[in-house]
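Keeping their order, the protein sequence lines are chains W and H.
Position 169, counted from 1, in the first sequence is what my numbering calls 176; the numbers after and before it change by one each time, with no gaps.
Position 8, counted from 1, in the second sequence is what my numbering calls 15; the numbers after and before it change by one each time, with no gaps.
There may be inaccurate statements among the hints.
Since the list can't tell identical chains apart, any single copy or any two copies may satisfy a pair.
[Stated by the list, open to error] No more than 20 Å apart at the CA atoms, straight line, and that leaves these computed lysine to any residue pairs for SDA-like:
1. 9 x 147
2. 9 x 150
3. 163 x 151
4. 163 x 184
5. 9 x 149
6. 163 x 183
7. 163 x 77
8. 163 x 186
9. 163 x 16
10. 163 x 182
Hints in this document: simulated from the structure, not taken from any laboratory.
Number of protein chains: 2
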Amino acid sequence: MKPWRTVSRRVLLDRTPWFTVGAETVALPDGQIVDDFGFIDMVDFAVIVPVTAAGDTILIRSYKHGIRAVSLSLPAGGLDGGEEPLACAQRELREETGFEADRWEPLGRFIVDPNRGCGAMHAFIAHGARKVAEPNSGDLEEQELLFVPMREAIAKLRAGEILHLASAAALSLAVVALRPD
Amino acid sequence: MKPWRTVSRRVLLDRTPWFTVGAETVALPDGQIVDDFGFIDMVDFAVIVPVTAAGDTILIRSYKHGIRAVSLSLPAGGLDGGEEPLACAQRELREETGFEADRWEPLGRFIVDPNRGCGAMHAFIAHGARKVAEPNSGDLEEQELLFVPMREAIAKLRAGEILHLASAAALSLAVVALRPD
Numbered sequence: 008m009k010p011w012r013t014v015s016r017r018v019l020l021d022r023t024p025w026f027t028v029g030a031e032t033v034a035l036p037d038g039q040i041v042d043d044f045g046f047i048d049m050v051d052f053a054v055i056v057p058v059t060a061a062g063d064t065i066l067i068r069s070y071k072h073g074i075r076a077v078s079l080s081l082p083a084g085g086l087d088g089g090e091e092p093l094a095c096a097q098r099e100l101r102e103e104t105g106f107e108a109d110r111w112e113p114l115g116r117f118i119v120d121p122n123r124g125c126g127a128m129h130a131f132i133a134h135g136a137r138k139v140a141e142p143n144s145g146d147l148e149e150q151e152l153l154f155v156p157m158r159e160a161i162a163k164l165r166a167g168e169i170l171h172l173a174s175a176a177a178l179s180l181a182v183v184a185l186r187p188d
Numbered sequence: 008m009k010p011w012r013t014v015s016r017r018v019l020l021d022r023t024p025w026f027t028v029g030a031e032t033v034a035l036p037d038g039q040i041v042d043d044f045g046f047i048d049m050v051d052f053a054v055i056v057p058v059t060a061a062g063d064t065i066l067i068r069s070y071k072h073g074i075r076a077v078s079l080s081l082p083a084g085g086l087d088g089g090e091e092p093l094a095c096a097q098r099e100l101r102e103e104t105g106f107e108a109d110r111w112e113p114l115g116r117f118i119v120d121p122n123r124g125c126g127a128m129h130a131f132i133a134h135g136a137r138k139v140a141e142p143n144s145g146d147l148e149e150q151e152l153l154f155v156p157m158r159e160a161i162a163k164l165r166a167g168e169i170l171h172l173a174s175a176a177a178l179s180l181a182v183v184a185l186r187p188d
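Only chain W is shown next, with the shape it has when bound in the complex (with noise of 0.2 Å):
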């Protein structure tokens, strides 16, 4: 099974440092040329699940205008330009839950959109999560932070609570993870 070539590949809508947006000329393997496949480029973004040593997580409590409501999802965002996925998870919890972690427990990276690009999710368990500053996210929402059971948390995704999908993701992989038969 072989991968496309890309023949060339052009910019219709630069909006850096969140997305860019175009269209490549790729070669399938049987030779046919298609001409205007679009590309969506974005940043990379780390997801963390953190569990202190009472086993509960963290979920933060906001309004997300691209979700159009008040939701819950776990700790997250984007790689600052040359930024390692651990280092933007420690960073992103630090700065979003004031925690630190003991382990640092890697779930995988995951390309969001398999035509588009979109970027990508690195998701990682942060086990031994401890408070250590207050958090000072800078985002522009206002945020609550819950500290539940992961069974609670469990139980919020599966009542429909966690709109955000790399969030229900993280999660759920987490839940794979930690209890693995």
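Since the structure of chain W is provided, determine the placement of chain H on it from the hints.
What follows is chain H alone, placed relative to chain W:
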């Protein structure tokens, strides 16, 4: 906690039927005006976790150009104009695998990007999935179907063979739903 209010909205790039990109002027609850908040409207899509009577699921091996690699994903596809998510899931499962199912269990609706939008994933478990026809996806990509026990699909997820966020999310959400404790 109050929502933001959209004051005005302008399209910057129209790539219908795939996506539309633009910017909004928004009013925050504290009165602050943000005059250039980007949005990306994309079509909603359904992702299906088939489970056969024997406990197998179905993974699709294909090259996806947004992922830039051959990897595994679940059956999935975009809602045709006005289509209900469940109808889309049933159609996509039939087209991509030739399977129908006895019982459809919704796993939720999740917005892809908390700031830009980028459409929503609707995930389902298709219980009692069984073959009724040959696959006929109509997709550009060469596809290979893998019939594997759920346990093996989860092992492949944890081994990094599923690189597509929505597939990883739906599969792990299914695990959470099938093993609630």
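Structure-based check of all given hints:
1. 9 x 147: This pair counts as between: shortest inter-copy Cα distance 13 Å, intra-copy 44 Å.
2. 9 x 150: Answer is between; shortest inter-copy Cα gap is 11 Å, intra-copy 46 Å.
3. 163 x 151: within (16 Å within a copy, 36 Å between copies)
4. 163 x 184: Answer is both: 19 Å inside a copy and 12 Å across each meet the 20 Å cutoff.
5. 9 x 149: between (47 Å within a copy, 9 Å between copies)
6. 163 x 183: both (17 Å within a copy, 12 Å between copies)
7. 163 x 77: within (14 Å within a copy, 34 Å between copies)
8. 163 x 186: Classified as both: same-chain Cα gap 18 Å, cross-chain 16 Å, threshold 20 Å.
9. 163 x 16: neither (43 Å within a copy, 33 Å between copies)
10. 163 x 182: both (14 Å within a copy, 16 Å between copies)
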